[in-house]
Structure formats: C-alpha cells, structure tokens
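Trainee: Given next are the chains, with one letter for each unit.
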Amino acid sequence: MDLFLDQFFNLDVMARALPFLLQGLWMTAKICAAVILLGLVGGFFLALGCLSPRRWLRWPAVVVTDFFRALPPLVLLIFVYSGLPFAGIQVSPFAAVVIAFFLNNSSYYGEVYRAGIESIPRGQWEAARSTGLTQAQTIGYVILPQAVRNVLPDLLSNTIEVVKLTSLASVVSLGELLYSANMARSLTYNASPIMLAALIYLVLLWPLVRLVSRFQRGLAA
Amino acid sequence: MSDRPMLEIAALQKRFGETEVLRDINLRVGQGELVFVIGPSGSGKSTMLRCCNRLEEPSGGAIMIDGRNICAGTTRDLNRMRLQVGMVFQGFNLYPHLSVLKNITLAQRKALKRDRAEAEAKAMEMLGRVGLAHKAQAWPAELSGGQQQRVAIARALALDPKVMLFDEPTSALDPELVGSVLKVMKDLRDEGMTMLVVSHEMGFAREAADRVVFMDGGVVVEEGTPEEVFGAPKTERARAFLSRVS
Amino acid sequence: MDRFLETFFNATVMARYLPDILHGVGVTVLLAVAIILAGVAAGLVLACLRTARLRWLNFLIICYADVGRALPPLVVILLFYFGLPNIGITLSGPMVLFVVLSATLAAFAEEIFWAGFTSLPRGQWEAGRATGLGSLQVLVWIALPQAVRLAVPPLVNRALAITKMTALGSVIGVSEILSAATTAQSFSGSASPLTLGALAYLAIFVPFVIFARWLESRFAWKKA
Ligand SMILES: Nc1ncnc2c1ncn2[C@@H]1O[C@H](COP(=O)(O)OP(=O)(O)OP(=O)(O)O)[C@@H](O)[C@H]1O
Ligand SMILES: [Mg+2]
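Protein chains in written order, with this note's numbering: chain A, 1 to 221; chain B, 1 to 246; chain C, 1 to 224.
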C-alpha cells in the first residue's frame, strides 16, 4: 500500500511537477481553443454541404466527413506531422496538431449539426419560407437556433472529446499537459506526475460529463 | 355466492412522504360484482387501484383477494398474487417491441410457465373475446387506441385473474373508439368477472355497475347503487361533483 | 506530381512493407473485436445492475462511468504501462491497451444503456409487474429489448471512436497498424508506408462508418 501511494500519489513529486504541468495545461488550452473554434466553423460548412440539395456539393461533403470519421486521429496527426515534410512542407508540432484535429473534429461537429438540422420538422422550413425568408435566413433565424438547442448535449460531449483528444499531441512532442507529465515521470521515475495530470483532467472534465448526463436525462423526461 | 368478498380493502392508508393520499379506505367487492369508482382528480382513485396489486406499497391497512392478505408475503408470493389481479392502464402500456400475440403470451410463459402452444391458444381465445383475433400478428403501433386497449385487456385476461382493475381505460381514447372498449368490459361483467373500475363514463356506470363509490380527499365519501348515487346523492360533495361532470 | 507520387505512393516500398502492415491489421482487428465485446458486455451489466437502484452500488457505478468518460485514454494507458511495473504489476502493451479501452467503452456503454432504460415510459415496467413478472423478468423481456434498440446507434458510434484508439498502441509498443507503418517509414525513409497504414485503417473503419450511417437513417425512417 505504501509502495502504491509512493508511486502514484507522491506529494513531493507532485509538488515539484506542478509548475511544469501548469505550463503544459496552458498549451492544452491553446490547442483546445484553436481546434474547437475551427471545428465548430468547419463542421457548420460540412453540415450544410451534407444537407445540400446539389449533388456536386453533397457527395464530396459526405465523403470528406466519412473519411475523417474512419481515420484514427493519431494516424492523421502522424501523417501531417511526419508525412508532409517528405513532400517538402515543414509544419511545427502545434500547426500539425491543430490541422489534424481540425480536420477530424470538423467531421464530428458536422455530424452533430446535421442531426440537429434534420431534427427540425419540415413545417418549420415551410413556414419560414412562406413568410418570405430566404434559405440562408431560414437557417440562421429559424432552424439553427432550434437545432443548436436540440443538440447542445452532443455539442458539449464532442467538445469534451476534443479536450481529451489534445492529449495525443504528446506523441509529437508538443509540450501540452500529458507530455509535461510524461517528461516529469521519466525524470523522477515515478508515476505521480501522470496521476496529477489525470486529476487535472478530471477536475476540468467531470463537471462537463455530469452536465451531459443531466441533459440526457432532461431529454428523456 | 358466498358472503366472503372477492376483494376487500380494509383501513387502507397511503402516504407519499408528508402528503396523505389515502386516509382510510374501506371497500368490499363481491364475487362477480362490478364496482364503479368516481371522484375528482387527485382524490386517490389511481393510488387505490395501484395498491390493489402493490404497484404502490400501502402505508397501512390490508387488502384481501379471495380471503388472502396480499400485503403480507414474500416477493415470490407477490408475483403469484399479481397474476390473480389483472390491471388495465389508461395508457395501454403495450410493449412496442413485441407483436400483439407476443404481448399476450409473454407473462403466460414467463410467469405462469405455460408452454408456447398453450399460451398461444389462450391468447387467441382472448383476442377472439375482444374481437381482435385477426390482429394477432400486428404490431401495437399499427393499432388504433381502442384496439390497443382491447389487446391490453386480453393480455390481462389471459392470466385468468380473479379480479380485474381498470384505471380510466377509455380516457385516452377518441370518443368514437370508447364504445368498443366499454362493450368488452360489459361482456366481461356479464360473464361474471369481478371488476373494480375507475372511469368517467357515467352512462356505462348506470348501465353496468352494481355499485358506485364516490371518493374525495382520500376517503370513500358515499357508496350505493347507481340509482342512489346518481339519482339522489346524500352528501354535498358528491352532489357538487356530479353536477360538474354531468 | 511525380515527386508526390514517389513520396507517398512508392509501389516498391509499399510492396516490401505490406506483410508488416497486414500483420498490424490482424492485431488491430483482434484488439478491436475484443474491446467491443468486453466493453459492451461490461457496460450492459453495469446498466442492468443500476436498475436495481441500490444506493451505494449506483453511486459507485456513476462514479466509474463519469471518470471513465472524463479521462483521456492515453493518460490512463501511460499510467498503467509506466506506473504499474513500479509496484510490481507488469502488463504487456496489448493487455494495457485492451484493459484501458474496454474499460473506457464500458463507461460510455453504461451511460448509453442507462439512457435507454430511463427513456422507457414507467408504464412499461408497471405493465410487466402487474402481469406477475418478477423484476428480473421485466428487465430481461421488456426493458432490455427496448433499451438495446435505442442504444444501438450511439453505441456503434462510440465503439467506432474507441476502437480507432487502438492506434494509441503505437505509443506503448503494440505492433498494430500505426506502429508497423511508422517503423517502416523510418527504415525506408519514405512516407509510403504511412499511406499504406492510413489505407489499411480506412479499409477497416469505412465499412463501420457506413454501417453507422445506415443504422441512423433506418432510425430516422421509423420516426416518420
Ligand atoms: N408517486 C407519487 N408521489 C407523490 N405523490 C403522488 C404520487 N402518485 C400520486 N401522488 C399524489 O396523490 C394524489 C392522488 O393521486 P391519484 O393519481 O391517485 O389521483 P386520481 O384520483 O387518480 O386522479 P385523476 O383523476 O387525475 O387520475 C395526487 O395529489 C397526487 O399528486
Ligand atoms: Mg388517476
């Protein structure tokens, strides 16, 4: 038991690692901000594409969505990070992470939006169009506000996934939270820094996870 | 007919936390009798019915079915006891993932341990009784409300209950579908089933009920033949209620 | 253009490393199947236990499901892989990957099945109990079939997301597709093995994605 505590909850080691981890957390926050913002925007356009009545828009959008849903994000990241330099395109780890996860998450956010828009009854479109709104206005003023409300739990749970996803950036040596923790582990030969990182993720994400469950229960009732 | 009632409710009490929903209910339903329960919303009618097969746990008092107290006994006894008390709900509660036939055979096979052929024969017999033999293979979602409720009645009857409880069986139905369900209930009565019915169909009560019970505020306020209760209510509360609903 | 093809689609390089990648495909598929079976089964059992509404048990189940959904799997993988040996427990890379990912899937599956249970109208439980079925019988014959039906589409999506994470095995030396591809890439000095690896993943998971889409559209139809 003592051994376990010493190896996983060594307060001494944790205290020394904390400043280092907080630096990493800042990097995690920057990645999250970039990926979430870009993903929300990219997803919106992908969703519009997937729902377009024009075939030449719809098919590419669906193919792109499914392509990035099928490709593991880590594979995409490695491809961008160590594949592109072969083609003479140098990317920084940060750029690689943001590009890879932007592509990955646009698909996920896109699917969430699409489900939301499809959940709005046809009558809403017809009512809006019959009162003279254009297609864009109908989407902007009538459909999207309702759709976002319908899919808020899914948007939130996808955003949680983005935060968790950023831990993969450690694989390409980008100094985010998990990378810092793993460095600290290899310097101290002690797993406590990773435990500390786990606790930080928990503190950040547990309330959001609870909220998602609460939302789902609300919908069921 | 023996003088022992088929269903006897004695000093029944039910509390939800602080609120006392049933205060002191006493009611006897004889073999083959149809007792009709009326009362304002929130007076505890549903709660009383649900106590009769312990979907709600009574807080006090006793409920006897055919002379046996159902409030005593183990879980095994409880399940066996529930087989003797059929219940029909306002919202039908058919199982949407099972066909009509399977809806009726499920409890027969799993609770009564009847074999498949026997359960299906029984189910077809009951469907015939409610006039829906041709819908055995249909899905609940394909039936009208009146048909769904008749299937629910068949589902309860297939277990050979001694008593049938009906909780507003027709209030979720369109007016033109009400008649078909009431007809099934009337036939059931004529065949000698013991029935306790909560409903707002006063016409049906006049025609088919042996006795009418008026509940308010968790107690039985008045009790008598349909002529007595509808024709000349003795209490002010019953008078006020009846003048509002009719 | 030639240079691009030469870098990413070099046929000779691809041919040389194809066997390694195929071996990786075997490992990935095996792990994925094991993770899905174990994770879904464990999640289902947890959700069923939760319907018994025992206060302490439910508290533990909810905590487990929350933690499992909040922690990034890679964090737990590193914790297990590098931390446990220090206290005398050594699990192989594939074992760690299997344990962590199936435990993660179990947490999500529990929530999904539970959502299915709670969205059942109360009348379904009551109708079952009123016809003399025991609570276990109501669970098995009435609640479960309906909850499972509701759970299938979100469960397929979640299982897809989590089995894709078998690629994390490359970090702890599991010889699945990605690690075979990156090893080949550094030996050959060409990006073609990476392309091959990506194609292998697409071959495995695109059918999965299409299946998920089909399920979803079938559901949409039913509603209409
Ligand atoms: N599970 C419960 N928890 C708390 N209070 C309850 C519960 N079930 C019923 N009640 C309360 O008990 C009272 C009686 O309810 P009940 O459903 O028995 O009335 P009712 O006579 O059937 O009314 P209605 O005609 O509207 O169906 C109501 O005030 C209701 O709010
Ligand atoms: Mg009621």
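Careful: at least some of the hints might be erroneous.
The calculated lysine to aspartate or glutamate pairs, modelled on EDC-like cross-linking and capped at a C-alpha distance of 20 Å, are [what the hints assert, rightly or not]:
1. 164/A with 126/C
2. 162/B with 33/B
3. 102/B with 126/C
Heads up, incomplete: computed chain A residues facing chain C, CB under 7 Å, no partners named [stated by the list, open to error]:
4. 7
5. 79
6. 83
7. 167
8. 171
9. 197
10. 202
Please keep in mind that the hints were generated in silico from the structure rather than gathered at the bench. The beta carbon of each residue, even a glycine, is placed where N, CA and C say it ideally should be.
Trainee: Next, verify each hint and record whether it holds.
Mentor: Against the structure, the hints come out as follows:
{"no.": "1", "hint": "164/A with 126/C", "verdict": "violated, 41 Å"}
{"no.": "2", "hint": "162/B with 33/B", "verdict": "holds, 11 Å"}
{"no.": "3", "hint": "102/B with 126/C", "verdict": "holds, 17 Å"}
{"no.": "4", "hint": "7", "verdict": "holds, 5 Å"}
{"no.": "5", "hint": "79", "verdict": "holds, 6 Å"}
{"no.": "6", "hint": "83", "verdict": "holds, 5 Å"}
{"no.": "7", "hint": "167", "verdict": "holds, 4 Å"}
{"no.": "8", "hint": "171", "verdict": "holds, 6 Å"}
{"no.": "9", "hint": "197", "verdict": "holds, 6 Å"}
{"no.": "10", "hint": "202", "verdict": "holds, 5 Å"}
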